[in-house]
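Asker: Given these sequences and hints, build the entire structure.
Residues per chain, in single letters:
Number of protein chains: 2
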Amino acid sequence: MARVVQKYGGTAVTTPEQIKKVAQRIIDSYNDNNDVVVVISAKAGETNRLIEMAHETCPGQEGCEYDLLISAGEQVSVGLLALCITSMGYTARPYLGWQVPIITDSCHSKASIETIDPTKINRDLKLGAIVIVAGFQGIDRDGSITTLGRGGGDASAVALAHVLEAEQCEIYSDVDGIFSADPDICSNAHKIEKISYDEMLELASQGARGVQIRAIEYAKKHNVTIHVRSSFSTASGTLVTREDSTMEGVLVTGIVSDKNEAKIAVLGIPDKPGTAAKILTALADTDISVDMIVQNVSQAGLADLTFSVSKSDLDKATLITEKIATELQAREVIADKNISKVSIVGLGMRNHAGVAARMFTVLAYNNINIQMISTSEIKVSVAIHEDYTELAVRVLHEAFRTS
Amino acid sequence: MARVVQKYGGTAVTTPEQIKKVAQRIIDSYNDNNDVVVVISAKAGETNRLIEMAHETCPGQEGCEYDLLISAGEQVSVGLLALCITSMGYTARPYLGWQVPIITDSCHSKASIETIDPTKINRDLKLGAIVIVAGFQGIDRDGSITTLGRGGGDASAVALAHVLEAEQCEIYSDVDGIFSADPDICSNAHKIEKISYDEMLELASQGARGVQIRAIEYAKKHNVTIHVRSSFSTASGTLVTREDSTMEGVLVTGIVSDKNEAKIAVLGIPDKPGTAAKILTALADTDISVDMIVQNVSQAGLADLTFSVSKSDLDKATLITEKIATELQAREVIADKNISKVSIVGLGMRNHAGVAARMFTVLAYNNINIQMISTSEIKVSVAIHEDYTELAVRVLHEAFRTS
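Chains as they are written, first to last, in the working numbering: chain A, 1 to 403; chain B, 1 to 403.
Derived from the structure by calculation, the hints contain no laboratory data.
Only a predicted model underlies this, so the values are computations on that prediction, with no experimental measurement involved.
There's no promise every hint is true.
[Claimed, not checked] Partial chain A-side listing against chain B, Cβ under 8 Å, derived:
id, residue
1, 58
2, 80
3, 83
4, 128
5, 292
All C-beta atoms, glycine included, are put in the ideal place defined by N, C-alpha and C.
Answerer: Have a look at this one:
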């Protein structure tokens, strides 16, 4: 008898038919002699609907009232799923975050889980019940409802799997698993059977779907095995797990592209210490995150600073940058929406020099110009013109797939 | 400085504009130097939407999952209203039922309030906050969310007014108060300034809108003054209060009609003891409530039993009645949808004989045939053909209004 936590996303519970299918899947797992704890999200679009209602009524408000409002979405899903399982003749025990309780800090709308008391859930499982828990929400030590921010449902599931000592945490969504590249771009992309936490973190950070970054970080910290799989198929997906000796044999585990970034270049800055810091601090102060950063010093004592931000932040970031650039007496600021980021990720890079060089060679050979580069121990990302995105993914996948 | 509980119904919070208006009204009351506690319902139609979702997903289920689901509607209202008040520069403290806590029994979907702990709300009021509480919901002693059934929001408000020792409990809806008759039927109907609990109970039982029966019962028991008023006007409405000496001077306080009943007649039943009980028990067993009951014994030792049920129960009730009637060897069963009930209510009846006789005379004089009669100490109801409803209300209002 194993114990499993299953997390279903909002696309799995949009219609009564889908809810019934999810209920059947849960019951099948229960009848396979498993203790089953289910974490469920609000139906797709519901949380956005609540957020929109809040914005229409009183723009710009947040805090505990806001969390109380937007946590209503999971409540509906939990109620419906529990009703459905009960109507199929099984015992379901529904829990909202505060009922478990899932204790978080008081950082409303992006709270972090501090502790989970497993007592009630363990009791219910012992009595043979299927436990349904609302994801994305908790309660702080003052008794206010909190929410964990986007993707918080995955974090709830992994944290529950940890405290309940579950064998694995299954994260169901509309993707079949993690692939060596997007199958829509590379027809010969393969599903990765097993991937390390660090690789998965890099892939998710660079745009891969299937599981949220905070959940992976939590899983890594507490060594929880995540199974990323599809709610529309019974095929197994991808295990995200502690790294083992076989993993380092693969140079590049996955290739991922992201078209959601844009580039800002500040050209001809008089080269004094602290100029980059000045621009980047101004952006950070308005909550704009910068991803890739490149600085060159040209011959005339003038520097060029180029960096990437999310496309949705581009207009705001350009305005702020132009203001500081004027103060710094820079020559000009150029904003460019037409870039994309292509990344290769693999544990094997740690022990093999020359992976980045090979990547640049392959791109150059295919006439793809590199605009920015950033690297980590197990990842190389390049910014290129977005028209070349799919080509770049294909040639890189071809170049690295047999290594 | 007074303390007041204000309850707003679902029609007051259907749009962002309405929510803003309600927020302004609450703030006005707060600025009039009142401690304000607000009880709010789900927006009109929202609870029905949730119930429908439950029925679509798994028909016929109830219990704790169901209450958890349908209590999500008030949660949204509480969150939005609290956000709105905060955005207007005031401190709002939102509470769901379990957060107060409002402790109920475990009778899911029609729970009764057992106790309310006023500690947190008293603390918030002392700190100058406006307190917003979700109506209609509570928590049982096992920690499950419960709901109080339709109209439970009014009961929440009155119970809170009691434990908080508020000066009055204002129940806002889309009616201006309680009228001597429906102003749409009698153009000269007047708003009643003050009415006793017992009269209000009778009027509400016979179909008057403005405040729910359970709330009136609770108010009577704990001597809470209810102010029934409109959320669309600042005019004062009707006070529902302990009876005083002036009230008995009025023979008939109000006249009310109800078209939601239907009649079933079982004719030619061999007259043995227990036949009426047999039919009525069968109906009660399927949760059908019977309102008026009349039994006549005819000369040939055969009895006729006539009773009224809610129109929505008529088909089901007719089937059950026909089955039992066959067993009892009754001659026939006749169902009739086309009836209405007209009632006159007044404390003064207690000390004045002949009010019923006068009612019947007035109806007869206007050629309105009476099909059934039921009376209490302060009420006379008659069932008539529904085509005569408005006529009956008008002639009775005219006959009794100067008395």
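Asker: Would you mind marking each hint as holding or not holding in the structure?
Answerer: Tested hints:
The beta carbon of residue 58 of chain A comes within 4 Å of a beta carbon in chain B, closer than 8 Å, and the hint placing it at the interface holds. Given hint, residue 80 of chain A at the interface with chain B, holds; its Cβ is 5 Å from that chain's nearest Cβ, closer than 8 Å. A least Cβ separation of about 4 Å between residue 83 of chain A and chain B falls short of the 8 Å threshold, and the interface hint therefore holds. Checking residue 128 of chain A against chain B by beta carbon gives a least distance of about 17 Å; that is not within 8 Å, so the hint is violated.
At its closest, the beta carbon of residue 292 of chain A sits 37 Å from a beta carbon of chain B; the interface hint therefore is violated under the 8 Å criterion.
When each numbered hint is compared with the structure, violations occur for hints 4, 5.
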